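Asker: Here is what each chain is made of, one letter per residue.
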Amino acid sequence: MDQAIPVFVIIPLAASFLISIVGGRIGGFGKTISVLVFLSTLIIILTYLISGDHASMVYKIGGWEPVGNIPIGIYLLLDPFSGFMLIIINGMAFLSTVYSVNYITKYTGEKYFYTLFCIMVAGLNGVVLSGDLFNLYVFLEITVIASYALVAFGTEKEELEASFKYQVLGGMATALILFSVGMIYWYTKTLNIADITKILASSNDRMLIQFSELILIAGFGLKAAIMPFHGWLPDAHSSAPSPISAMLSGVVIKAAGLYVIFRLFFNMFAITWEISVLITAIGTLSMVVGVFLAIGQWDLKRLLAYHSISQMGYVIIGVGMGMMIIANGGNIALASLAITGGLFHLINHAVFKGLLFLNAGAIEYRLGTRDLNQMGGLFEKMPLTSGTSLAASMAISGIPPFNGFFSKLVIIIAAIQAKFYLLAALAVIVSIITLASFMKFQRYAFFNGTSQNYAKDGVREVPFFMSFSMLVMALLCLALSLLMIPAIRESFLQPAVDALLGNNEYFINLLNL
Amino acid sequence: MQGMSPIVKKVAQLVMGFIFVYGIYIITHGHLTPGGGFAGGAFLSGTFILLVLSFGSNVLNLRREEEEASEIEGLAIFTFLLLAVIGFLLGMRVFFGNFLPKGRIGELISAGVIPLYNIAVGVEVGAALLTIFLALVIYKEEISK
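Quick note, the sequences are listed as chains A and B, same order. Sequential numbering from 1 applies to the first sequence in our numbering. Sequential numbering from 1 applies to the second sequence in our numbering.
What the hints contain is simulated information worked out from the structure, not anything from laboratory work. There could be a bad hint or two in this list.
Stated by the list, open to error - Examples of chain B residues lying across from chain A (beta carbon under 7 angstroms, computed):
#1 72
#2 74
#3 77
#4 90
#5 145
Treat the numbers as computed from the prediction; the structure is a model and nothing was measured. In this text, a Cβ means the ideal position worked out from N, Cα and C, and glycines have one as well.
For reference, chain A alone in the conformation it holds in the complex:
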């Protein structure tokens, strides 16, 4: 299996170049190839996780062995946490491309869509596999530059403006990240994450390390759209074509933002009290403020985009509480529970928010509007869209038996056990407001009883491939609740948490010491 690690980058990249060459000549080439590509990468990563072998694996690109215990090449590393992210990325990419088969026909330039999509996924796979700080930055740039172009894919005024805003703020994030990587390189004289860990552990210059930590939080916070850095997200996520919104909201802000923050602060820097309080504080801020910004929105996709900010807050407080407990020298089992809640909510959010964006795309596909005031009564006309979006709305608002309930429950239980009563109370209140805003969405979009207006417009259920993706994701909303069963959690979720907690293991594997 360890030979197969670079395959996650090679296959999507090769597909994107192939599509750009022959996609214009052979009709339907782009969609066929990209669906097959993401299906194959999904199968490869699933076989790794199902095999039950949770050892981390290192791949040295170009075969450059370490010289005198100093790593000189670029390393890729697959451990259970990377594997967990790869499942989300490739699974969502597969479902989004299947959905695009019908959806993208309303745009021109289908070939460019699939080319950019494959490049974006190749970059995301690279980000979660990279064991080298600069290489991680390069893959991050590949991802975001492809996503700038994809946000502007409609080339109307609104899309171009959103893309420009995204580019300006993304450029700032890039500058901050590169500056911080440069500082770390200057201080440690190496870019390999494991090597940096070794050198930082034996250094005592806290000032410089803290400075680069703060800049890293700002840079990756911009990519993850945490609260003070969230300005670009509602525009970009609502203007993009819907499969891309699902990818951006469901995957990109997690893999390119949160994943890197978690990975670096757990496995590279030593966890300190100040940083963990800071991360938890911005998580709480985005959770609370995001939902208040969301509830007043009438543009459906903007409402969903603001909820992404809020739900990311849940993930961050889950993991942030774990960091605070560890920094205090508290109970590791409790920290593990909090981080489990955070990561569980991460995968749940990818599924239900992806589904909600696909629902919004389905409504836009038939009605040509995203304004909630112009919808209504779609329950009879589009039963499948209505049913799946009800499932996703209940999942995001935390109604049992859907997956969102269980992950929020784990986070709240962990908060109460760790005596963070305020966080637990806020998490419950935000969940209730979330429920309110999704009741608004359900009522205005599906139940407001004006369905006779659509009789002459020919509004009906969306085509097969779009329905297929939405149905699979709605089933996943239910199926992911099974992760609460200890046997399944032990084999899938717990290894990812252990990979974050056992920072020595990451380090030893990567250096091959």
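Mind docking chain B on chain A? Use the hints.
Answerer: Just chain B now, kept in the frame of chain A:
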């Protein structure tokens, strides 16, 4: 876009060939001297940019040229990936493996597969910069119409 004066045209005609050959020199000596695929590719595209700037936009069929440049770009980058994958499939399952004989240090035919990577990068960068330039020229033409 109009062409420039006869003096500029004549000078451009005189130097264009040299610039092109110099670009090829930079690319093929990438593993021996400073420079390489990226720098040499910029020279190659510079030749075409000079041609369009001095002779005006009517000298080439811009749209066809842009499509072709874009396709050459895709082919070049695909070749690059293919070379890396050949290294993966031959020998030790090493992505970017250097599967050709290394030769003697300092000779033109040496360093195994690296000159081939340089050539692929050179064509890719040349075609990419040309595509960007032509896209800007076409945009300008459409605005002025």
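Asker: Does each hint hold? Answer for all of them.
Answerer: Hint check:
1. 72: Given a least distance of 10 angstroms, the restraint on residue 72 of chain B is violated.
2. 74: holds, 4 angstroms
3. 77: holds, 5 angstroms
4. 90: With a minimum Cβ separation of about 12 angstroms from chain A (threshold 7 angstroms), the hint on residue 90 of chain B is violated.
5. 145: At 19 angstroms from the nearest chain A Cβ, residue 145 of chain B fails the 7 angstroms test, so the hint is violated.
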